[in-house]
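Chains as they are written, first to last, in this note's numbering: chain B, 1 to 333; chain H, 1001 to 1252.
Check the hints yourself; a few may be wrong.
[Stated by the list, open to error] A few chain H positions that, by computed beta-carbon distances, are all more than 12 Å from chain B:
(1) Thr1012
(2) Leu1026
(3) Asp1031
(4) Ser1049
(5) Asp1054
(6) Gly1152
(7) Glu1153
(8) Ala1177
(9) Ser1224
(10) Ala1243
[Said to hold, decoys possible] Partner residues are not named here, just some residues of chain B that face chain H (Cβ under 8 Å, in silico):
(11) Trp84
(12) Tyr112
(13) Leu186
(14) Gly193
(15) Val196
Quick caveat, the hints were computed from the structure, so don't treat them as lab data.
Ideal placement from N, C-alpha and C gives every residue a C-beta, glycine not left out.
Each chain is listed here by its residues.
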Amino acid sequence: MRHSRLAAAVLFACLLALVLLPWFAEKYYIQLFTKMMIMAIFAMSLDLLVGYTGLVSLGHAAFFGLAGYVLAFAAPQYQAANLWLSLPLAMAVSGLLALAIGVLVLRTSGIYFIMVTLAFAQMVFFVFHDTKIAGGADGIYVYAKPVAAIAGWEPFSLENHTHFYFVVLVLLVLVYALLRMLLASLFGRVIVGIRVNEQRMRSLGYRTFRYKLVCFVLSGALAGMAGYFAAAQFGFVSPDILGWHQSGSVLMMVILGGMGTLNGAILGAFAMMLLELGFQGLPVVGGVDIGKHWQLLMGGFIVFVVLLLPHGLLGLGRLASRLLRKPAEAGDG
Amino acid sequence: MVEAVLRTERLTKHFGGLAAVNDISLEFFTDQIHAVIGPNGAGKTTLTSLLSGDLLPTSGRIVLDGEDIAGLSADRVSQRGVGRSYQKTNIFLPFTVFENCRLAAQSRLKSSMRFTRPALRYDDVSREALRALAEVSLEHRAQELAATLSHGEQRQLEIAMTLATRPRILLLDEPLAGMGSEESARMVALLQRLKQAHAMLLVEHDMDAVFALADRLTVMVNGSVLESGAPEQIRASAAVQEAYLGTEELHQ
């Protein structure tokens, strides 16, 4: 009980910090945190598959990137897309792609599942890379950010970086709440059961394929939401955003933060992007540009975390709270 | 005459060239424990898996309430009222004992594609789970993690989960395996009680329990039925004595 209350307090403090940030931070940091929150939504969508349902997907960027392309198509040249139309459209297209891929890949499991998700995502990658669609390998610009106009009235403008920040923050909270609700529901109990022991779920009478498929589609649509805002913020879409690098990167975020907790996915997204910046900013020492080789440091750090913290960075928090509690309990006795 | 809840007709399963289950025709009635015994590798677990839908038969029929269910997947077979417990304990170790049973009870809802209301607010499901736990006297452990239970308790939990799916026929694969004598005695009493409302297939190595419980006994050897009949008849059979039962066991 005490543990969960502490976790809730920490969570609330983090949320408060995020709400207050724009009053204290410069534009650069507001945009950086916007990007981190977008990646956190992406990571949570993947955590639903990897951490809760036990489906390790190495092709999740396909859904993320496709939604970005949908936005690019919806905003040709300098014309802005309407947010209320293009966002649901982008999520629906990503969800449909997830449905099409899911029907095929969910018949496999384990290492085969990893391989076929990767294969399908690479197919999507090459569709955009090797054809003239949307600029081919060069990518395409999204010059104008989506407009949030409802019959002429515009409650906020995504061109304003602070507005953009708060829109993404609200969505982060909404997605978090949605997933929490989902995980506590009958559906949520089933998918967690599938991760632990799918064969037993089947023998209890559950048609596990259906539940996995719904989960896969939902996860794809949420990844699409993240991809949509990533494209809107960056103002540019290229095949890289749906390549396996991106898929690997988001999977790393989930693993780094701690799988199957949602909190871990958010923490992992924030931590990885901050670390990236931190490592890149390292100085030249004795003629070696350490910052340039940041990927080596990042790789080392992730290996370190995986080896020492089986529950990711979140496990560090758990460890700390247990250590803090020990003396208190000794006092009680 | 009473209609059999479940019967197999010339049920056969080949693994490559091996006939693991060969031409088996058996019947299961409510209020009757039908025990299947036989040496290791006789095909008892394969037979159970065929009945539960975990394996698909090569040929033959499985008739449940007059309908052929051979070829249906395990989830469909379960939904039709066939409940199975496994030889190797097959539960959700990281979940609480209660959640194990709740999940089993939840499977009887029309659909679990429900995304908003918390699972714990489905009172009927929770009540059903607790009823099943009470049936095996595990309700005092409800909030413990399944992984922390003793082996015997895990076996009981497995049965409780099966019961929570409200089956009409129980397929129990060595429910007494690895149990202490006290736990065994309790399980035998439980099975005695359960038989009143269920048809039951009991695969078991513990001969004391088998002869105490079985109303009908089938001996399998190398995938085939060697002998099938009342326990006394089996006990007296020379073929069975030779093939399987040690003489000691028969003179208890």
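Status of each hint after checking the structure:
no., hint, in the structure
1, Thr1012, "holds (22 Å)"
2, Leu1026, "holds (21 Å)"
3, Asp1031, "holds (24 Å)"
4, Ser1049, "violated (10 Å)"
5, Asp1054, "violated (7 Å)"
6, Gly1152, "holds (19 Å)"
7, Glu1153, "holds (17 Å)"
8, Ala1177, "holds (18 Å)"
9, Ser1224, "holds (26 Å)"
10, Ala1243, "holds (31 Å)"
11, Trp84, "violated (23 Å)"
12, Tyr112, "violated (20 Å)"
13, Leu186, "holds (4 Å)"
14, Gly193, "holds (5 Å)"
15, Val196, "holds (5 Å)"
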